[in-house]
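Between the sequences and the hints, there should be enough to build the whole structure, so can you do that?
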Amino acid sequence: MIEVENLSKKFANIEAVRHVSFKVEKGKIWGFLGPNGAGKTTTMRILTGYLPPTEGRAVINGIDVSLDPNAIKKMVGYLPEVVPVYPELTVREYLRFVAELMGIERRKIKFAVERVVEKTNLREVFPRLVRNISRGYRQRLGIAQAIIHEPEILILDEPTIGLDPAQIVEIREMIKSFRDSATVILSSHILPEITEVCDGAVIIKDGRLMATLTREEWGKNLEIVTATAGTKLNLADFKKKFPAIQEIRPESHSLRLEFKQAGEDVNRILKYLIDKEVRIREVKSGFEALYLKIIASEDGRVA
139 MIEVENLSKK FANIEAVRHV SFKVEKGKIW GFLGPNGAGK TTTMRILTGY
189 LPPTEGRAVI NGIDVSLDPN AIKKMVGYLP EVVPVYPELT VREYLRFVAE
239 LMGIERRKIK FAVERVVEKT NLREVFPRLV RNISRGYRQR LGIAQAIIHE
289 PEILILDEPT IGLDPAQIVE IREMIKSFRD SATVILSSHI LPEITEVCDG
339 AVIIKDGRLM ATLTREEWGK NLEIVTATAG TKLNLADFKK KFPAIQEIRP
389 ESHSLRLEFK QAGEDVNRIL KYLIDKEVRI REVKSGFEAL YLKIIASEDG
439 RVA
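Under the numbering used here, think of the first position of the sequence shown as 139, with each following residue one higher.
A few of these clues could be false.
Cut-off 27 Å, straight-line C-alpha distance, at most; resulting in silico cross-link-like pairs (DSS-like, lysine-lysine) [what the hints assert, rightly or not]:
hint, residue 1, residue 2
1, 377, 409
2, 409, 431
3, 398, 377
The hints are simulated quantities; they were obtained by calculation from the structure and are not laboratory data.
Shown next, in the form of structure tokens:
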């Protein structure tokens with residue numbers, strides 16, 4: 139369990155995080171989102187015990203991060219945006235070094251290294267120098283060092299940045315597999331990554347909490363951007379045709395749909411609109427539409 143209460147962090151006259159509060163339940167994967175400079179990395183560094191908060195507190199599994207940062211570091215695995223590797227070491231040497239830093243017993247180090255090598259598919263580059271492995275393997279190595287001590291909490295800052303599509307899919311599947319053993323906070327600018335992997339999301343902007351959304355909440359929304367207002371579309375008939383639609387909000391060149399529950403057949407809706415000669419320019423998932431409206435607002439409200 140992760141609990142953040144009224145968390146703030148100042149650097150001189152800059153308030154990077156302002157009174158942020160949220161909770162992540164045990165065994166869940168939550169996204170952590172916001173524009174560049176929103177305060178995401180600062181918040182994650184506080185959660186890992188590397189930075190003290192100016193105000194408020196962060197509690198992980200009942201332990202206040204500020205009061206016992208060493209205990210937190212043993213409990214938390216952290217992948218920063220820039221992977222902390224030593225290029226002059228081999229992959230094997232680097233993982234053994236990290237295992238020793240994390241206090242793993244000497245007799246258990248070999249097993250711990252073998253376990254994460256298999257988990258992150260590093261066997262092919264195991265004997266190679268870190269400087270000579272690809273960006274994708276380096277990212278896997280960063281994840282390996284974060285999980286080598288089997289942490290209860292895993293904090294990942296942009297884990298798929300700079301990877302090719304095949305590598306992204308592989309890393310996402312790996313992250314989903316962590317749900318069985320850890321609570322995960324995942325920072326990403328790739329919105330489909332959040333919708334595919336996460337159970338919910340925290341959104342911040344300018345250091346302030348804008349919203350917390352569960353998968354159920356964002357699955358009930360869909361925004362269809364149209365090229366015209368759709369003169370042949372009768373909204374009453376449209377809603378009657380699809381009873382799962384709870385509300386239709388026509389806006390400038392778009393229709394925002396809200397459903398009674400997640401899972402409405404989007405393809406059927408799009409076919410119906412095309413048959414009514416409504417020109418469709420873009421379809422935004424519930425999460426994407428909500429995120430953009432939340433970020434554009436002053437207080438996180440989208441209504």
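Residue 377 paired with residue 409 [C-alpha distance capped at 27 Å]: holds, 14 Å
Given pair status - residue 431, residue 409, alpha carbons within 27 Å: holds, 26 Å
Hinted pair residue 398 and residue 377, Cα distance within 27 Å: holds, 12 Å
Of the numbered hints given earlier, the model fails none.
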